[in-house]
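Student: What follows is each chain in one-letter form.
Protein chains: 6
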Amino acid sequence: MTDPKPPTALNLPMMDPLPPETQKYFDICTQKLGMIPNVLQAYAITTEKLNGFTALYNDLMLGDSNLSKLEREMIAVVVSSINKCFYCLVAHGAAVRALSGNPQLGEMLVMNYRVAPLDPRQRAMLDFAALMTTASATIEEPHRQALRDVGFSDRDIWDIANVAGFYNMSNRVASATAMHPNDEYHGQSR
Amino acid sequence: MTDPKPPTALNLPMMDPLPPETQKYFDICTQKLGMIPNVLQAYAITTEKLNGFTALYNDLMLGDSNLSKLEREMIAVVVSSINKCFYCLVAHGAAVRALSGNPQLGEMLVMNYRVAPLDPRQRAMLDFAALMTTASATIEEPHRQALRDVGFSDRDIWDIANVAGFYNMSNRVASATAMHPNDEYHGQSR
Amino acid sequence: MTDPKPPTALNLPMMDPLPPETQKYFDICTQKLGMIPNVLQAYAITTEKLNGFTALYNDLMLGDSNLSKLEREMIAVVVSSINKCFYCLVAHGAAVRALSGNPQLGEMLVMNYRVAPLDPRQRAMLDFAALMTTASATIEEPHRQALRDVGFSDRDIWDIANVAGFYNMSNRVASATAMHPNDEYHGQSR
Amino acid sequence: MTDPKPPTALNLPMMDPLPPETQKYFDICTQKLGMIPNVLQAYAITTEKLNGFTALYNDLMLGDSNLSKLEREMIAVVVSSINKCFYCLVAHGAAVRALSGNPQLGEMLVMNYRVAPLDPRQRAMLDFAALMTTASATIEEPHRQALRDVGFSDRDIWDIANVAGFYNMSNRVASATAMHPNDEYHGQSR
Amino acid sequence: MTDPKPPTALNLPMMDPLPPETQKYFDICTQKLGMIPNVLQAYAITTEKLNGFTALYNDLMLGDSNLSKLEREMIAVVVSSINKCFYCLVAHGAAVRALSGNPQLGEMLVMNYRVAPLDPRQRAMLDFAALMTTASATIEEPHRQALRDVGFSDRDIWDIANVAGFYNMSNRVASATAMHPNDEYHGQSR
Amino acid sequence: MTDPKPPTALNLPMMDPLPPETQKYFDICTQKLGMIPNVLQAYAITTEKLNGFTALYNDLMLGDSNLSKLEREMIAVVVSSINKCFYCLVAHGAAVRALSGNPQLGEMLVMNYRVAPLDPRQRAMLDFAALMTTASATIEEPHRQALRDVGFSDRDIWDIANVAGFYNMSNRVASATAMHPNDEYHGQSR
Numbered sequence: 344m345t346d347p348k349p350p351t352a353l354n355l356p357m358m359d360p361l362p363p364e365t366q367k368y369f370d371i372c373t374q375k376l377g378m379i380p381n382v383l384q385a386y387a388i389t390t391e392k393l394n395g396f397t398a399l400y401n402d403l404m405l406g407d408s409n410l411s412k413l414e415r416e417m418i419a420v421v422v423s424s425i426n427k428c429f430y431c432l433v434a435h436g437a438a439v440r441a442l443s444g445n446p447q448l449g450e451m452l453v454m455n456y457r458v459a460p461l462d463p464r465q466r467a468m469l470d471f472a473a474l475m476t477t478a479s480a481t482i483e484e485p486h487r488q489a490l491r492d493v494g495f496s497d498r499d500i501w502d503i504a505n506v507a508g509f510y511n512m513s514n515r516v517a518s519a520t521a522m523h524p525n526d527e528y529h530g531q532s533r
Numbered sequence: 344m345t346d347p348k349p350p351t352a353l354n355l356p357m358m359d360p361l362p363p364e365t366q367k368y369f370d371i372c373t374q375k376l377g378m379i380p381n382v383l384q385a386y387a388i389t390t391e392k393l394n395g396f397t398a399l400y401n402d403l404m405l406g407d408s409n410l411s412k413l414e415r416e417m418i419a420v421v422v423s424s425i426n427k428c429f430y431c432l433v434a435h436g437a438a439v440r441a442l443s444g445n446p447q448l449g450e451m452l453v454m455n456y457r458v459a460p461l462d463p464r465q466r467a468m469l470d471f472a473a474l475m476t477t478a479s480a481t482i483e484e485p486h487r488q489a490l491r492d493v494g495f496s497d498r499d500i501w502d503i504a505n506v507a508g509f510y511n512m513s514n515r516v517a518s519a520t521a522m523h524p525n526d527e528y529h530g531q532s533r
Numbered sequence: 344m345t346d347p348k349p350p351t352a353l354n355l356p357m358m359d360p361l362p363p364e365t366q367k368y369f370d371i372c373t374q375k376l377g378m379i380p381n382v383l384q385a386y387a388i389t390t391e392k393l394n395g396f397t398a399l400y401n402d403l404m405l406g407d408s409n410l411s412k413l414e415r416e417m418i419a420v421v422v423s424s425i426n427k428c429f430y431c432l433v434a435h436g437a438a439v440r441a442l443s444g445n446p447q448l449g450e451m452l453v454m455n456y457r458v459a460p461l462d463p464r465q466r467a468m469l470d471f472a473a474l475m476t477t478a479s480a481t482i483e484e485p486h487r488q489a490l491r492d493v494g495f496s497d498r499d500i501w502d503i504a505n506v507a508g509f510y511n512m513s514n515r516v517a518s519a520t521a522m523h524p525n526d527e528y529h530g531q532s533r
Numbered sequence: 344m345t346d347p348k349p350p351t352a353l354n355l356p357m358m359d360p361l362p363p364e365t366q367k368y369f370d371i372c373t374q375k376l377g378m379i380p381n382v383l384q385a386y387a388i389t390t391e392k393l394n395g396f397t398a399l400y401n402d403l404m405l406g407d408s409n410l411s412k413l414e415r416e417m418i419a420v421v422v423s424s425i426n427k428c429f430y431c432l433v434a435h436g437a438a439v440r441a442l443s444g445n446p447q448l449g450e451m452l453v454m455n456y457r458v459a460p461l462d463p464r465q466r467a468m469l470d471f472a473a474l475m476t477t478a479s480a481t482i483e484e485p486h487r488q489a490l491r492d493v494g495f496s497d498r499d500i501w502d503i504a505n506v507a508g509f510y511n512m513s514n515r516v517a518s519a520t521a522m523h524p525n526d527e528y529h530g531q532s533r
Numbered sequence: 344m345t346d347p348k349p350p351t352a353l354n355l356p357m358m359d360p361l362p363p364e365t366q367k368y369f370d371i372c373t374q375k376l377g378m379i380p381n382v383l384q385a386y387a388i389t390t391e392k393l394n395g396f397t398a399l400y401n402d403l404m405l406g407d408s409n410l411s412k413l414e415r416e417m418i419a420v421v422v423s424s425i426n427k428c429f430y431c432l433v434a435h436g437a438a439v440r441a442l443s444g445n446p447q448l449g450e451m452l453v454m455n456y457r458v459a460p461l462d463p464r465q466r467a468m469l470d471f472a473a474l475m476t477t478a479s480a481t482i483e484e485p486h487r488q489a490l491r492d493v494g495f496s497d498r499d500i501w502d503i504a505n506v507a508g509f510y511n512m513s514n515r516v517a518s519a520t521a522m523h524p525n526d527e528y529h530g531q532s533r
Numbered sequence: 344m345t346d347p348k349p350p351t352a353l354n355l356p357m358m359d360p361l362p363p364e365t366q367k368y369f370d371i372c373t374q375k376l377g378m379i380p381n382v383l384q385a386y387a388i389t390t391e392k393l394n395g396f397t398a399l400y401n402d403l404m405l406g407d408s409n410l411s412k413l414e415r416e417m418i419a420v421v422v423s424s425i426n427k428c429f430y431c432l433v434a435h436g437a438a439v440r441a442l443s444g445n446p447q448l449g450e451m452l453v454m455n456y457r458v459a460p461l462d463p464r465q466r467a468m469l470d471f472a473a474l475m476t477t478a479s480a481t482i483e484e485p486h487r488q489a490l491r492d493v494g495f496s497d498r499d500i501w502d503i504a505n506v507a508g509f510y511n512m513s514n515r516v517a518s519a520t521a522m523h524p525n526d527e528y529h530g531q532s533r
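Protein chains in written order, with this note's numbering: chain G, 344 to 533; chain Y, 344 to 533; chain R, 344 to 533; chain W, 344 to 533; chain U, 344 to 533; chain H, 344 to 533.
Any given hint might turn out to be false.
Pairs involving identical chains hold if they fit within one copy or between any two copies, as the list cannot separate such chains.
[Claimed, not checked] Only pairs whose alpha carbons sit at most 25 Å apart, straight line, appear in this in silico SDA-like list of lysine to any residue:
| id | residue 1 | residue 2 |
| --- | --- | --- |
| 1 | Lys348 | Pro446 |
| 2 | Lys348 | Asn445 |
| 3 | Lys348 | Pro460 |
| 4 | Lys392 | Tyr368 |
| 5 | Lys412 | Arg466 |
| 6 | Lys367 | Ala489 |
| 7 | Lys412 | Tyr368 |
Calculated directly from the structure, the hints in this document are not laboratory data.
Bear in mind the structure is a predicted one, so any value in this text is a computation, not a measurement.
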């Protein structure tokens with residue numbers, strides 16, 4: 344079931360009818376999440392756009408990586424906090440609360456990740472993601488080395504960089520189009 | 344033929360051997376561009392990563408849109424100029440020079456797009472992309488309306504937002520990994 | 344009942360024994376709120392410090408004003424969001440949720456007040472508070488006039504300025520001392 | 344004797360007649376300082392507002408503390424310099440000149456405290472106050488430890504934080520209301 | 344008579360002996376100003392450097408222009424306030440006090456020029472100088488037109504731009520070398 | 344031969360006829376460079392202005408110094424990159440390409456000097472010039488010492504500071520007046 348309010352401030356109807364594969368994907372969302380995330384509805388303008396977004400998203404956030412799913416969501420929230428993206432803070436803040444079982448951790452990452460009691464590895468990961476967000480042009484070898492020094496491999500650095508990069512994209516698309524999060528997220532895992 | 348120097352500062356070898364489809368894609372690049380862009384070599388760690396990146400890229404930069412290919416490259420350069428991404432400024436600066444036949448336009452967008460003699464439509468487009476890059480959280484309805492006022496449709500706004508968003512991702516991945524542009528770009532279309 | 348963890352990162356014990364009036368005040372807090380807010384415990388170093396803080400706080404947030412109590416809390420949250428003060432965002436975010444009966448409004452003000460559907464009067468009030476927080480030296484007569492134009496009196500402007508000023512003080516004291524919010528706030532009024 | 348020009352740009356008359364205690368306080372000011380500081384006139388809207396402000400001010404700036412009165416004024420000026428608050432720079436710049444007997448020190452703190460020849464203890468104190476003013480959310484344990492390392496106790500840190508916090512409040516109230524300093528300050532202790 | 348303390352933190356002795364013309368120039372300074380400004384002593388490393396600096400300075404600050412000498416000094420102070428240059432704020436703040444006969448105007452321009460009661464022409468001039476200092480790359484035709492609209496000619500705009508530019512140079516040289524102002528300035532024209 | 348398009352957006356004709364010395368200087372430019380740089384045409388309003396600019400420029404960029412001419416041009420480009428000055432990036436980017444014989448070095452300094460493979464001495468020089476451009480008021484003795492530590496003398500530091508200062512002036516004059524670079528620069532030394 345789709346949200347009756349359009350997912351963004353743009354007048355861009357979803358494909359109608361939805362292609363069977365998309366319909367199936369959305370049905371699974373409804374079943375598993377109780378909603379179709381508005382970001383998916385927003386990208387369902389063309390098959391290419393929806394698939395381009397979801398393929399990248401699924402590989403980064405759900406695919407094979409040494410970063411746990413929680414860690415990837417933590418990066419998502421810290422980047423979104425700096426960019427002040429309402430959509431992503433609501434949706435991924437809920438994910439951090441759910442995956443960590445720690446509602447306060449979700450709040451801390453939304454509000455100011457520096458107050459969260461993190462181990463040095465996760466703190467270094469989030470510092471790197473934050474620096475990528477605020478001043479990526481200043482990143483040099485010592486910043487990458489700092490990640491290696493707490494145990495990350497070069498493949499892990501690639502993954503951190505790509506997750507942080509991804510939310511610097513989607514934060515901006517969401518803010519630029521006034522994408523609003525589904526109501527369901529707000530009360531989850533409090 | 345691949346660049347002998349690795350595409351980034353990370354020790355991340357390409358798939359070896361490359362899957363046949365990737366090899367074919369890279370052969371086409373070599374044939375048409377005289378090189379395999381380093382960004383593609385960098386993402387060729389897994390099929391999912393390479394395909395995720397290229398599917399999104401190809402739809403945004405080469406797919407169906409009311410924005411001309413030059414206009415999409417102009418957005419790429421303006422976003423990359425703000426983020427000071429060496430890789431993207433070199434690669435997409437060359438694209439602006441080639442597509443416009445105007446080397447000075449490429450230089451202007453790299454250095455300070457405000458000095459370029461643009462029509463109001465393109466200027467509004469680049470102002471929106473710049474604002475998305477520096478302060479996306481401040482975007483509200485009047486900013487979108489300013490785009491409509493110079494003739495952009497809501498679909499065009501979606502496309503502008505997604506191209507600008509994409510380079511805010513790839514600028515950051517490139518800077519975070521010290522991705523370097525292929526030598527071939529520098530002298531092109533001067 | 345006091346929180347077993349000290350209210351800040353400073354080793355500053357509360358007065359012991361508490362003066363009878365302070366004890367009475369704290370008992371009322373426990374009774375009405377189910378906790379003694381950590382900020383009060385932190386200031387209970389001397390009677391002068393505690394009374395100085397609470398007298399100002401109580402007049403500004405609970406005293407006579409044309410601004411509703413919700414509006415004062417809205418200012419508190421917007422200022423605290425810009426200053427990224429964990430303590431104040433948690434405590435006053437809960438207050439906005441409670442006083443408005445609208446959990447999403449609390450989240451919006453914590454994350455990016457520009458996405459909240461506000462009437463022009465409240466939006467002008469929050470824009471003024473935000474500008475006081477980020478660039479107070481640039482405020483001139485037109486900014487005050489903008490508040491008068493949406494119906495605020497000069498007394499209202501005084502109140503807005505003083506509430507916004509107060510949180511620019513307490514945000515900084517809280518962050519400088521690592522003041523942490525009582526656990527009770529997180530789940531309230533979700 | 345009150346300044347004939349209202350203390351701020353707001354049309355907010357003082358209580359009339361002044362309550363006896365306020366009148367007495369103002370008479371003492373006139374006697375000792377040759378003026379009633381405009382900030383006091385501005386707050387004399389209600390007894391609660393005047394007393395709330397003066398109680399906090401008097402405890403912080405004149406009350407018991409290991410920080411000398413000059414040091415507290417130094418913090419006031421450095422915070423006000425960053426916030427570019429005309430009222431506080433004039434009033435507290437005069438206080439630094441008077442208490443230090445060093446007019447150039449007052450000028451240095453107004454203009455750029457980094458050029459002042461300070462001992463490491465005072466420099467650390469002012470660096471902390473400056474960081475609280477520009478980026479309080481980035482303060483963590485090492486910043487507090489740096490103060491302890493030059494000899495400050497935790498109580499001293501509390502006092503530094505509260506003085507710096509206070510001027511981040513009053514700077515903003517002064518700028519937001521166009522509070523102007525009494526003429527008498529300008530020529531004092533030059 | 345030269346200041347016994349070297350004019351900057353660099354170990355760079357003046358020419359010795361001074362060339363006759365320089366000696367004559369410095370004698371005139373001593374006679375007229377009661378000092379040799381440290382900036383001149385600092386540049387007296389070689390004849391070319393001293394003459395290069397003074398020729399430009401004298402033409403800009405003392406030469407033919409529709410801008411009054413006071414107006415040029417006002418620009419100097421506003422630019423130096425943004426750049427927080429101690430040397431230039433002291434020296435040119437004194438000049439504004441002397442030329443205007445208004446010590447408070449000098450203080451206002453040092454602390455926050457927006458609080459100074461300026462006519463629209465001088466305000467526009469200082470706003471342009473301030474924008475040149477903080478964000479010169481954003482200046483476009485409307486900013487120049489705003490100066491024409493309050494009565495400035497294109498030659499006046501050239502002069503404003505060059506005076507503002509000059510202090511953006513000398514502020515930085517002074518700060519980079521820890522140039523300190525002569526003691527004589529502090530008490531002048533208070 | 345002068346460029347037919349005026350050198351800036353200001354309506355400020357050159358001296359007419361040019362004084363013989365200026366004419367001779369411009370003839371040499373035409374002969375040696377194939378053009379009269381627009382900056383010289385712009386300053387040719389009066390003899391004093393042209394000579395004031397060229398005397399300072401020639402001493403700094405061509406006169407006696409331990410900094411090579413290339414190093415001075417490198418500083419020019421890095422400062423201009425931060426200030427986003429189109430004129431200076433084009434003109435001095437061409438100079439770096441010509442003097443270094445390394446077109447990519449020119450591009451790197453225009454786009455983000457941190458990606459250039461520099462020895463520690465040149466990197467320290469450019470870091471100092473960059474800091475002078477973005478935050479000169481924060482420069483203190485350790486920053487100067489860092490230059491000495493990589494082998495610079497105090498005279499070298501003076502030269503670095505003055506070259507960096509100079510482009511902070513001319514960048515701003517160029518941007519404030521919309522000075523445009525001669526077409527000849529764009530294709531040089533690619």
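Student: Compare the structure with each hint and give your call.
Tutor: Hint check results:
{"no.": "1", "hint": "Lys348 x Pro446", "verdict": "between (28 Å within a copy, 19 Å between copies)"}
{"no.": "2", "hint": "Lys348 x Asn445", "verdict": "between (31 Å within a copy, 18 Å between copies)"}
{"no.": "3", "hint": "Lys348 x Pro460", "verdict": "between (38 Å within a copy, 14 Å between copies)"}
{"no.": "4", "hint": "Lys392 x Tyr368", "verdict": "both (15 Å within a copy, 21 Å between copies)"}
{"no.": "5", "hint": "Lys412 x Arg466", "verdict": "within (16 Å within a copy, 38 Å between copies)"}
{"no.": "6", "hint": "Lys367 x Ala489", "verdict": "neither (44 Å within a copy, 38 Å between copies)"}
{"no.": "7", "hint": "Lys412 x Tyr368", "verdict": "within (21 Å within a copy, 31 Å between copies)"}
In summary, the one numbered hint that this structure violates is 6.
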